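One letter stands for each residue in the lines below.
Protein chains: 2
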Amino acid sequence: MQKKYLMSPGPTQVPLRASLAFTDPIIHHRTQEYKEIFRQVNENLKYLFCTSNDVLTFTSSGTGAMEAAVVNLLSKGDKALVVRGGKFGERWSEICEVYGVEVTNIDVEWGCAVEPGLIEEALKKDPSIKAVFTTLCETSTGVVNDIKRIGEIVAPFPTILVVDAISGLGAQEMPTDQWKVDVCVSGSQKGLMIPPGLAFASVSEKAWKLAESSDLPKYYLSMIKARKGLSKDQTAFTPAVSLVCALNETLKMMREEGLGNILARHERLAKACRAGVTALGLELFAKSPANNCTAIKVPEGLDGKVIKSKFSKDYGITIAGGQGHIEGKIFRISHLGYADTFDVVMAISCLEMVLSDSGRDVEFGKGVAAAQEILKKGEV
Amino acid sequence: MQKKYLMSPGPTQVPLRASLAFTDPIIHHRTQEYKEIFRQVNENLKYLFCTSNDVLTFTSSGTGAMEAAVVNLLSKGDKALVVRGGKFGERWSEICEVYGVEVTNIDVEWGCAVEPGLIEEALKKDPSIKAVFTTLCETSTGVVNDIKRIGEIVAPFPTILVVDAISGLGAQEMPTDQWKVDVCVSGSQKGLMIPPGLAFASVSEKAWKLAESSDLPKYYLSMIKARKGLSKDQTAFTPAVSLVCALNETLKMMREEGLGNILARHERLAKACRAGVTALGLELFAKSPANNCTAIKVPEGLDGKVIKSKFSKDYGITIAGGQGHIEGKIFRISHLGYADTFDVVMAISCLEMVLSDSGRDVEFGKGVAAAQEILKKGEV
Chain A
-11 MQKKYLMSPG
-1 PTQVPLRASL
9 AFTDPIIHHR
19 TQEYKEIFRQ
29 VNENLKYLFC
39 TSNDVLTFTS
49 SGTGAMEAAV
59 VNLLSKGDKA
69 LVVRGGKFGE
79 RWSEICEVYG
89 VEVTNIDVEW
99 GCAVEPGLIE
109 EALKKDPSIK
119 AVFTTLCETS
129 TGVVNDIKRI
139 GEIVAPFPTI
149 LVVDAISGLG
159 AQEMPTDQWK
169 VDVCVSGSQK
179 GLMIPPGLAF
189 ASVSEKAWKL
199 AESSDLPKYY
209 LSMIKARKGL
219 SKDQTAFTPA
229 VSLVCALNET
239 LKMMREEGLG
249 NILARHERLA
259 KACRAGVTAL
269 GLELFAKSPA
279 NNCTAIKVPE
289 GLDGKVIKSK
299 FSKDYGITIA
309 GGQGHIEGKI
319 FRISHLGYAD
329 TFDVVMAISC
339 LEMVLSDSGR
349 DVEFGKGVAA
359 AQEILKKGEV
Chain B
-11 MQKKYLMSPG
-1 PTQVPLRASL
9 AFTDPIIHHR
19 TQEYKEIFRQ
29 VNENLKYLFC
39 TSNDVLTFTS
49 SGTGAMEAAV
59 VNLLSKGDKA
69 LVVRGGKFGE
79 RWSEICEVYG
89 VEVTNIDVEW
99 GCAVEPGLIE
109 EALKKDPSIK
119 AVFTTLCETS
129 TGVVNDIKRI
139 GEIVAPFPTI
149 LVVDAISGLG
159 AQEMPTDQWK
169 VDVCVSGSQK
179 GLMIPPGLAF
189 ASVSEKAWKL
199 AESSDLPKYY
209 LSMIKARKGL
219 SKDQTAFTPA
229 VSLVCALNET
239 LKMMREEGLG
249 NILARHERLA
259 KACRAGVTAL
269 GLELFAKSPA
279 NNCTAIKVPE
289 GLDGKVIKSK
299 FSKDYGITIA
309 GGQGHIEGKI
319 FRISHLGYAD
329 TFDVVMAISC
339 LEMVLSDSGR
349 DVEFGKGVAA
359 AQEILKKGEV
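The listed protein sequences derive, respectively, from chains A and B.
Position one of the first sequence corresponds to residue -11 (the working numbering), numbered consecutively onward.
Position one of the second sequence corresponds to residue -11 (the working numbering), numbered consecutively onward.
Think of the hints as simulated: they come from the structure by calculation, not from any bench.
Each hint can be trusted.
Since the list can't tell identical chains apart, any single copy or any two copies may satisfy a pair.
With a straight-line cut-off of 25 angstroms between C-alpha atoms, the simulated BS3-like cross-links for lysine-lysine are: (1) Lys220 to Lys317; (2) Lys112 to Lys67; (3) Lys220 to Lys(-8); (4) Lys194 to Lys34; (5) Lys213 to Lys64; (6) Lys113 to Lys168; (7) Lys275 to Lys354; (8) Lys23 to Lys298; (9) Lys23 to Lys293; (10) Lys23 to Lys(-9); (11) Lys113 to Lys197; (12) Lys213 to Lys75; (13) Lys220 to Lys293; (14) Lys220 to Lys301; (15) Lys75 to Lys216; (16) Lys293 to Lys216; (17) Lys301 to Lys285; (18) Lys301 to Lys23; (19) Lys118 to Lys194; (20) Lys220 to Lys197.
Please read all numbers here as calculations on a predicted model, not as lab measurements.
Isolated chain A, as found in the complex (with noise of 0.2 angstroms):
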């Protein structure tokens, strides 16, 4: 018998209160019982969102509302600025030239965050620029981008602010309204809590002028027509019906919790995870650390996957690997949605034991020792 824990950034973990919540009856979407809980589930939506927008639900992966914000806000030939920064800011580039949007990247090394200024250069260098599209917790290099600041920065222009917080929403502090983002992103399986399967757009007033005038092509993935669902407690088309009722449990949670108590807790989860990782002499890969996951450099002479595996493997834990060009090179421990102390622990207490295993001289008990400084009673 080997018990099973997820940490990977994604899914997550699922708590048995929404669990149970996919067990009652399937009921039918154009009901009133049905529109009563997505009412909720809006409204705990925009709580969550920090926003007094519209939050649109799409039935698809967070890379459906991605693209939702791409074909529904600008026009063939409009010009894109992209913060590329790790395969999650490539995937704008990715959709936008799909689509014929013409696209400048500001191309950054994988674990930093981006410099902000470039892209205030980039937008006084050319204000036609429509729309900006980054990323708040890159998840693929456990970075962190100072929204806030940029959101500052392209307030003033015409140009659209659209951040990818798919796994970064619930997990890391993300005032839509107040740090002025036209468009957040978020998806389901995540800081949310539940399966993967759900979407979200948060879209301002701003925004929604470029869908009005926006001609590239949609029709599962359109905003307008969300919207109009959206004024019925509907959607446009038939919705994962079982998730959204498990996140309307979830969300309950996440109220209940309070989300400046949610916010401190993943704080809390990721500065012991660094503590930890750091004391048994690891580096972290991120210059700037998100508090979703935490990305940790492969110590010379071993390799990610053989980590990635030990862990699953011979403990039963599921963390992440790396990514594109740095697969082998980093894994990854999330801390997000459905975590809390213990996760941290035995996430730690398994790198060393794995260390060891590896035939590294690790002293039992110092990495886990880091992290309960932080994690003990009292400590923020």
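Since chain A is already given, all that's left is putting chain B on it; use the hints.
Structure of chain B alone, referenced to chain A:
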């Protein structure tokens, strides 16, 4: 206390065996464990679709897979022939038009099946038509089209045949390869007995050839990306993991029952439902009635919306009303997916009581008796 029964043509009832799969701890979609589940799912989807071709899975409603069929197989300015005999036929036209595909519609009176000869005529007149889009069961009208004959007609042309079998698959005969259907589209919340959120498309070699030259923009719904993922027992983007795990259970149930038995069961239920309805003096709306749901004309002097509401409020049974211009004029009882003998008995007995409650002179048990004659053991 009022028990609730779902008899709409999607979402349909979910067997407990599938619901319980949702309470298993969520697994990561890049693990060997998930790949093995998805491999089984794909093997069983091929069985159900009766195809040796790949069946692609998208996390979306059925409409997402319909859009995938258009944007992956056609190019701008291509010609398409669309059978438009209900709301879902109309959807093919709408999607094609959004993407600049030149559409010729064959408008069929709602409630009637398309006359296959009209397709032959249109293709002979213009052999440059790239694709014919039609519907197996047009859920909005309760009609089944003669896909077998349409397949024979289209096959000799360079044209591909795309069939929306979203509500029909697993209820109505649909041997994809044998009937020369190039793309068969389906969804999870109908005959496949799980909640909405997954959509499917089988793709023939003839269709893949068109995919290679297609210039319409796509990213999330890319079939080429989906096929690349499938070659590694994966999807291109994060799938709705929990729905895939539940689908694995219902597909196993379907293999245990056997496709022939499943289709015979749906045929028996549909015949019994029709017999019950007509024994009560009501008229069927569909001239060529499908086996997934029965569309019934609202008797003179009554309102379909009221009938639907009485089914639900007074007796706990969710049925469907009419859509578009036939709203209020028909109501639809589904016997699709996880449905058996007593679902039909309940529906017909409820219909008797609702008619009586509406002031009609009804002989209680008369409709039920007519249904029983077909439902009793030994009858087909």
